[in-house]
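Asks: If you're matching them up, the sequences are chains A and B in order. According to the numbering used here, numbering within the first sequence proceeds without interruption in unit steps and concludes at 253. According to the numbering used here, numbering within the second sequence proceeds without interruption in unit steps and concludes at 253.
To be clear, the hints were calculated from the coordinates, so they are not data collected in a lab. Among the hints, erroneous ones may be present.
For identical chains, the list gives no copy identity; a pair is met inside one copy or between any two copies.
Straight-line Cα separation of at most 20 angstroms, EDC-like style, residue types lysine to aspartate or glutamate; simulated pairs [as the list claims (entries may be wrong)]:
hint, residue 1, residue 2
1, K128, E199
2, K243, D180
3, K141, D196
4, K128, D196
5, K128, D202
Chain by chain, the residues:
Protein chains: 2
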Amino acid sequence: MTLPDTLAGRTVAVLGGTGPQGRGLARRFAAAGIPVVIGSRSAERATDTANELAAATGGEVTGADNAAAAAAGDLVVVAVPWDGHGELLKSLSGELAGKVVVDCVNPLGFDKQGAYALPVEEGSAAQQAEALLPDSTVIGAFHNVSAVLLDDPAVDSVDTDVLVLGDVREATDLVQALAETIPGVRGVYGGRLRNTHQVEAFTANLISVNRRYKAHSGLRITDV
Amino acid sequence: MTLPDTLAGRTVAVLGGTGPQGRGLARRFAAAGIPVVIGSRSAERATDTANELAAATGGEVTGADNAAAAAAGDLVVVAVPWDGHGELLKSLSGELAGKVVVDCVNPLGFDKQGAYALPVEEGSAAQQAEALLPDSTVIGAFHNVSAVLLDDPAVDSVDTDVLVLGDVREATDLVQALAETIPGVRGVYGGRLRNTHQVEAFTANLISVNRRYKAHSGLRITDV
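Here chain A stands alone, though its shape is the one from the complex (with noise of 0.2 angstroms):
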C-alpha cells in the first residue's frame, strides 16, 4: 500500500518495541513501509528485536535504548509495561518535545478472577504522559489491539478498529491514518483525552471475553 501524505518519510518509535504489544505495532508499520525503530530499556535486545523485524517484514528497522529511539521517531509510540511508564516518559521529555506521542498502555491488575483496571492519579495513563509531555501532543489509540494477532504473520488482517483519543485535531488524524496502516484497522476518533481512561480500563473486558469465548477479542463501532 502506498502511505497517505501525513506518514510519508517520517519515522516511527516504538518505545517498548521488544513487549509484545509494542513488538507487534512495529512489525504491522514496518510491514507498511514505515521506517521503524524499536526502543527498549536495552538497546542490545532491541537490535535483537529490529534485526528480526526487519527479516520477517523486509522493511526498514533499526533497534537502541529508549532516549535514543525516542529522540529518533516522527512519532513516538509508548508501550511499556504501566509500572515505570511516568518515570521513562519524565527522563525522555526532552527527546519528546514537540512530537506525537502516543500512549497505549493499559494500566491494569490481575488477580485469580482476572484483569482489573488500576485507579490512575491524573485519570488515565494517556492523561499522565499529558502532564509529565507539556511540549508534546499526547495521543491515546492502540489499547485494545490485540498482541497475539499484531504478532503473528500468519494473520493478514486484524479485525478491530482502533480509538483514536485527543484534543488536537491533526494529531488525532495523523494517529489514525498510522492505525490504518495495519491491514484490517480502521482508525475511529474516539472522544478527547480525557475519556481515555475507559478504553484503557475496556482491555481487561476485553480479556474477560477471551477467557470465556476462547477469542482475541477486538471491538467494532457500528454507524460509523
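Please build the complex by placing chain B on the supplied structure of chain A, with the hints as guidance.
Replies: Coordinates of chain B only, in the frame set by chain A:
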C-alpha cells in the same frame, strides 16, 4: 420469535421507563412478547407511556410507580437518571430482594467539550446498586445501546452488541438472553461487575463518536 425458556412467563419491570433509554428498552421487550411494567416516579406518567407502548407494539404493558413496578417485576431493569439512582435503590431493597436487577445507568457529566465520566465512590453505578441491594443479583447491561434507535419503531434491527457484566453465571446468561430479544442485538459476556465502570463510562466516547461522525454508534466485539 419464541422467547427462550429462561424468560418464558417472566415479567420485566423497567424503572425509569418513561425516560429515553427505559422507554426504548420497554418498547423492544414488549414487542418481543415479554410482559412489561413501566415504572416512574409518577404512576400516571408511567401508565400513559405504558398505554402508548401497548398500542404501538401489541404487547402487554402496564404502568405503576417505581416501587409497585419493582414489586411486580421478576427481572427489574434500572434505567433512571444517575442523579437519584442510589436513593431510589436504597428505598426499594425490599421489593428487589431475591431478584435479578439489571443496571444500565451511566454516571456522566456534560460540559461544552461533551460528555465525561463522573467519579463514583463504589466504582460504578452497578457496584453502587450491588452495595445497596445485598439480597439482589445485580447485573450491568444495556449501557451503550442508542436510546434513539431503541425507541424508533422504524428501526427494524439495532446493530450493536450488549455487554453483560456480573458475578453470577445464571444471571448473566439470563440477561444475555433478554438482550437478544431485541432484533439485531447480541448479548456478550463482558466480565465481572468490578469491570462495569469502564463500560458505563464508554458511553461518553460513543457520544463523542456520534458528534464527530453524525451517527448513532454502537459496538461489536470481534472474534466472538
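Asks: Does each hint fit the structure? Answer for all of them.
Replies: Consistency of the hints with the structure:
In this assembly of identical chains, the alpha carbons of K128 and E199 lie at most 20 angstroms apart only when taken from the same copy (12 angstroms versus 50 angstroms across copies). For the identical chains of this complex, K243 and D180 are intra-copy neighbours only, at 18 angstroms inside a copy versus 34 angstroms across copies, given an alpha-carbon limit of 20 angstroms. Proximity of K141 to D196 under the C-alpha cut-off of 20 angstroms is restricted to the inter-copy arrangement: shortest distance 14 angstroms between copies versus 37 angstroms within a copy. For the homomeric pair K128 and D196, the shortest alpha-carbon distance inside one copy (14 angstroms) is at most 20 angstroms, but the shortest distance between copies (44 angstroms) is not.
Within a single copy, K128 and D202 get their C-alpha atoms as close as 14 angstroms, which meets the 20 angstroms cut-off; across copies the closest is 47 angstroms, which misses it.
The structure fails none of the hints (numbered hints given earlier).
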